[in-house]
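Chemist: Spelled out, the chains give:
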Amino acid sequence: MTKRAFLFLLSLLIAVNIMGCKEKPAATIKTISENNSNEPAYGDALIVGSIGEPSNLIYMLASDSASHDIAGLMFSGLVKYHTDLSVIGDLAESWDISKDGLVITFHLRKGVKWADGVEFTADDVKFGYDTIVNEKTPTAYKEDFLQVKKAEVLNKYTFRVTYGKPFAPALTSWSGIVVLPKHLLEGKDITKSEFTRNPVGLGPYKLKRWTPGQELILDSYREYFEGRPYIDRYVYRLIPDLSTMFLELKAGSIDMMGLTPIQYTKQTNTDFFKNNFQKFRYPQFAYTYMGFNLKHPFFQDKRVRQAIAYAIDKSELIDVVLFGLGSPATGPYVPNTWPYNPNVKKYEYNPGKAKELLKEAGWEDTDGDGLLDKDGIPFRFTIFTNMGNTLRKNAATIIQWRLAKVGIKVEIRALEWSTFINEFIDKKRFEAVILGWSIGLDPDQYDIWHSSKTKEKEFNFISYSNPEVDELLEKGRRTFNMKERKKAYFRIQEILAEELPYLFLYVPDATPVVHARFKGIKPAPIGITYNLPKWYAPQKMQKHKVEP
Amino acid sequence: MKGHSLHSLNGVFWRRFRKNRLAAAGGVVVVLMFFVAVFAPFISPHNPDDIDRKHVLEAPSLKHPLGTDDLGRDVLSRMILGSRISLSVGFVSVGIATLIGIFLGAISGYYGGWVESIIMRFIDIMLTIPTFFLILAVIAFIDPNIWSSSAIPGWIRESLRVILIDPNIMNIMMVIGLTSWMGVARLVRAEVLSLKEREFVLAARALGTGDMNIIFRHIMINSMAPVFVSAVLGIAGAVLVESALSFLGIGVQPPAPSWGNILTLGKDNIEIAWWLSVFPGLAILITVLSYNLVGEGLRDALDPRLWDMEI
Amino acid sequence: MIAYLIKRLFEMIPTLVGITLISFFIIHLAPGKPTDILTELNPKITPEARERLEKLYNLDKPVIIQYGLWLKRIVKLDFGESFSTDRRPVMQKIWDKKQSLLDRRLFITLMINLITFAIILAISIPIGVSSATHQNSLYDKIMTTTVFIGFAMPSFWFALLLMMFFGVYLGWLPVSGLKSLNYDALPLLGKMWDRISHLILPIFISAFGGLAGDSRFMRSSMLEVVRQDYVTVARAKGLPDKKVIYQHALRNALLPLITLIGLSVPGLIGGSVILESVFGIPGMGQLFFMSVMTRDYPMVMCILTIGGMLTLLGNLLADIGYMLADPRIRAKQ
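Chains as they are written, first to last, in our numbering: chain A, 6 to 553; chain B, 13 to 323; chain C, 152 to 484.
Excised from the complex, chain A in its bound form (with noise of 0.2 angstroms):
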C-alpha cells in the first residue's frame, strides 16, 4: 500500500520501521564493509525486535507498521518496485497497458502456490480487489481502487482492470498487497475470521505460532515462488521499549531493530559494535511537518505562518532532535526523487524577519508582558503531537523555545493517538499539530491537499484550500505525461512554500541495524529488507538451529 493511504501510520511506527522498506526509497550509506567471501547456505534466524505487535494480518485490515511487517512477508503484490525505482514484476509475470493508459492487463506467473498448496489464479486477484472496494470492508486503502472501473478474470492467469479516467498511479497501486486465497475466505466476514491471525500467505515466509505479547515465528515457505528463502526463521520479538530492545541487541538475543538517532550516532561505535552488527543508513520516503488549522483565526494571514518559519531553525531540529540524521524537508516530497523541487522558497532562521512580519500582520507586544497580542488577545497557542513519539516531543519544545524568543507562547499536548485522532484531529479541535505523513512512490498527493478532502476523517484536515492546487493535483493524476506530471508537482511545491498551510520540518534518515553475520543484504534506495528472501548466514556462523 504505497500510498498517501498511508497517512496516519507513520506517526504511529516509533522510529522502529525496518520492514516495509518495499515502498521506501532512497539512498544508502553502508558503514560496514561486507564480507562476501562465505557461500550462502540454508539455516539459521533472524531474530527482529519490534515495539508493537501486529493486530490483524491481512494487510488491507491492519493500519499498524507491526501488521504490516509481517503480513508483507506472507503475502505478495502483483507488481512491486525495482531497486532503481522501476516497477518489476511479483505475482504478476508482465503487463500489458493499453495505449489510453485506461486498460492494465495482468499476466500472472504460474504454478505458485498458496502455503496450504492450492494454486494461486487470478480469481484471487479479483476477490481480493472486491474484497477491498467492498464497502463493508474496513480498510484505509479502498481510495486507489475505487478508481477501477471494471475488473475480471480473462483467464486462470489473466487479470485486466479497466480505469473510467486516466489515473497516474494505476500500476503502482498493484504493488499493494491485495490479494486474498479466494478458496478459504469466500463467503465469510474476514474482520471475524480466524484468518486474521492465521492467514495461508504464498509469501517467502509462513507463521508458524503467534503468541500474544510475547513473539511471532514465521518459518520459511520452501516453495515461494522466487525460491526457497535462505534464512530458515523470521522471529519478531516483542519488546515494549527500545533502550530495553537495544540492550538485547548487544546482549544477542535479537540480531535486527531500527536504531534511535541517539543510538546510531553514541552507542553504536565502540570495537564490539563494530564487530558484531552491520548498521545502515538512508533516508526514509517520509517527513515530520507542523500543520497549522488554518480555519483558527491565528494562522488565516500567510504573514503570520511565515513569521514562524523564519522563527524556526530547522537545522537547529535537525541537529538536536536527529543528531543530524536527516535533512530540511522544503516540501511533501523528499530530496533525490523526480517529483522533488529544490527551487522553492525557503526561510532561513531570521527571528528580526519574523518579529517584521508578525508586525505587519498586527501583532505586537502593546501591553510589555513579552507576549504579543492583537485587538487584546495574546499570541497563545498549543502544539499537539502523538504521546510517545520522542523525536516529535523534542521539536515540539525546541518550536516551543524558540517561538517565545519572538514572544509567542506555545503549550505542547501530547496526546494517546485515538483520543488525539478522534477528538481533536477529526473535530478540528487544534490550533496546530506535528505529525509525519510517509509518502508513496508515486506523487499523487490528493488526498492531503484537495479541498474536498476537509471533511471529517479525511486527510486534509487542516482545512487548506488553493483553486490552483486544486487543479494541478487533478491534472497531476489524470495524465500518464511524466513531464506534465512533473510540471503540475513542482508547481504544487512552489505554492505550499509561499503559502505554508504546513511548515515542513525535516526527512529522518532510517537506522536499521543487522547482525554480522548475515550476509546478502544490499542496501538500495527502497531500504534494505527488500531481498530479504535472499539474505543468508554462512554455514560456519550460523547461530540458531531451525529444527522444522
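Derived from the structure by calculation, the hints contain no laboratory data.
Treat the numbers as computed from the prediction; the structure is a model and nothing was measured.
Take every hint as true, because none was put in to throw you off.
Chain A side only, calculated, beta carbon under 8 angstroms to chain B, not exhaustive: (1) Ser248; (2) Ile267; (3) Gln272; (4) Glu321; (5) Val325; (6) Met392; (7) Asn399; (8) Thr402; (9) Ile403; (10) Gln405; (11) Trp406.
Note that the Cβ used here is the ideal one computed from N, Cα and C, for glycine as well.
Fit chains B and C to the known structure of chain A by using the hints.
Modeler: Coordinates of chains B and C only, in the frame set by chain A:
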C-alpha cells in the same frame, strides 16, 4: 501521662523526635527541599528551558554540575524546578486526600448507622481495586483539558496560575488525592469513635453545640496527630506515584520538568548518560526516604505507649 | 466456621457490585463515545455503520441500563471483545486456554506476585522480629534504613540499574521478557533455569520494595506483644528469653500480619504495571497499561474488575488464615 502539662508534652515530643537521629536527618532534608522548591528560580544556575545544540548529553562539568539532557538543557536547573512539581504534587494530592479522609471518617465515626455502613463499604471497594490500576484508568480516561476549560471557575484557574501550578498537573494531583484518602478516613473514624463518648464531647453536646462544631472543633483537634503522621507518609507515596506516572509518560508532560520524566530520558539513554538516571533517581529516593523517616519519627514521638517506657 | 465463611462470601457481593460500578463509571468519564476508537483510521465508515456499532454496545440506551446489561454479561465472565484491532474476546486475552499455563497473562502476574509475597514474608518476619528484640540498636537502625530505602526506591529506576549491571555489564541474567528465544530447544532443567533467571530481577525488585511494610508492621506488632502481661508473666516465670519470644510472643504478633497481607494484594498487583512494562513481561499489568493507552474499554473494565476480585479473594484467604491461626476465634466457633 496524665500528669504532663501541654508544655511538657511538647517538650517530650521534641526531645523524642530529635533523639531519633534518622528522623531528624530526614527533617533537615525535608526543610531543605522545601526551600529549594520555593526559591527554585533564584538558585537555578541556568534557565531550565534553554536548549543548547552544542552541549547535548554532556557529562557533569563545572558549567553543568549534573550534566545536560538530550536537548542540551541543564539538568541541575531542571531538577531544581522539578522539585517544585514533585513536592507540589505531593502536598496538594495529600491535602485533597486528607480533607476527604477527615470529612468522611469524621461523619461516619460520629453518626454511625447507615452513614457509617455506606462510607465504610465505599472504602472497602476503593481499597479493593488496585490503586495504580485505578489511577492509570482515571488519568487516561479523564478529559485532560478539564482544568483549563471554562467549566472551572476563573478564580480557581487564576489561583493555580499564581502558585505556578500547571493546570495539566492538577489532574494528577486530583487523581492521586481521590485514590488515597481511605487510610485517613479509617484512622479518623477510629479516633472519633474513641473520642465521642469522652467527657469533653459529652459536655459540649450537653451545652447544645452543633454536630459539625463538635466534630471539627472538639474531636478533630484532638485526633490531628495521627492524621498528620499519615499525611507526611502520604507525601512520600504521592511523590513516588507521580514519578512513576511521569516515567510511564502519562504524568507531568514535558517540557515541564519533573524527576519522573527526567528519569524517562535517563532510561532512554542509560548507557551513555548515567547522570540522567542517577541524579533524579537519587532525588526521588532521598525525598521519599526523608518523608518516611520523618513520618515514622513523628509516629514514634507521638505514640504515648512508647513514651511510658522512657518517662 | 462454615457459616462464617458463607457470611463472608455474602458480604463480598455488594463490594463486588461496587467494583463493577466504579470500573463502569470510570470508563464513562472519557470524552466521546467508547466506540469512537473502533471507527478510527477508517475514513469510509458510514454514519449507519457507526449507529449499528453503538447499538451493538447499547450506547443508545441510558447509562444505567447499559450498566445492567454489562453486569448481566460479566456474571458469566463474558467481558466482551477487545476494542484493539485483534478483536479477541477479552477473557481470552488474559487467560488463553490455547496456551500453556505458564504463558497466560493472568497466571504470569499471579505467579510473580505470589512468589514475591512468599519472599517478602520469609525475609520481613525475621527482620521485624529481630529489630523489635534489638530495638533502637545499631542493627535496628540499619534495618530500618534499609527497608525504607527499599520502599523509597522508585522500582523502575532500580530495575534499570540492575538490568544494566546484571544484564549488560556482567551478562549473568537476561534483560527482559519471560523466556529465552531458544527456550523450546532447552532440556527440562535448562527450561526451568531459563524461566527462573528471567524472574530473578523483577521479583527481587518487587520484594525489596515490599519489605518495609511487613517488616515495620512486624516490628511494632512484636514490640506491642512483648509489653503484654502474659509475656511479662512468662518472663517472670523464668522461661528463657528465646522461648518467650519465639513461642509465645511471635505467634501472637503474627496474627495481625495476616490481615495486612490481605490488604497488600492491590498494591502488589498495581505495581506489576510498572515492573511488567520495564521488563517487558507479558502479564496482566502490561496488558492493562497498553489497554489504557489505547482506550480499550472492555479490556480495562475487565482487568479492573478482575483486579478487584483478586483482592477480595486475598482478603478472604487472609480471613480464613486468621481464623485458623487465632485460638480465640477458633474457640468462639
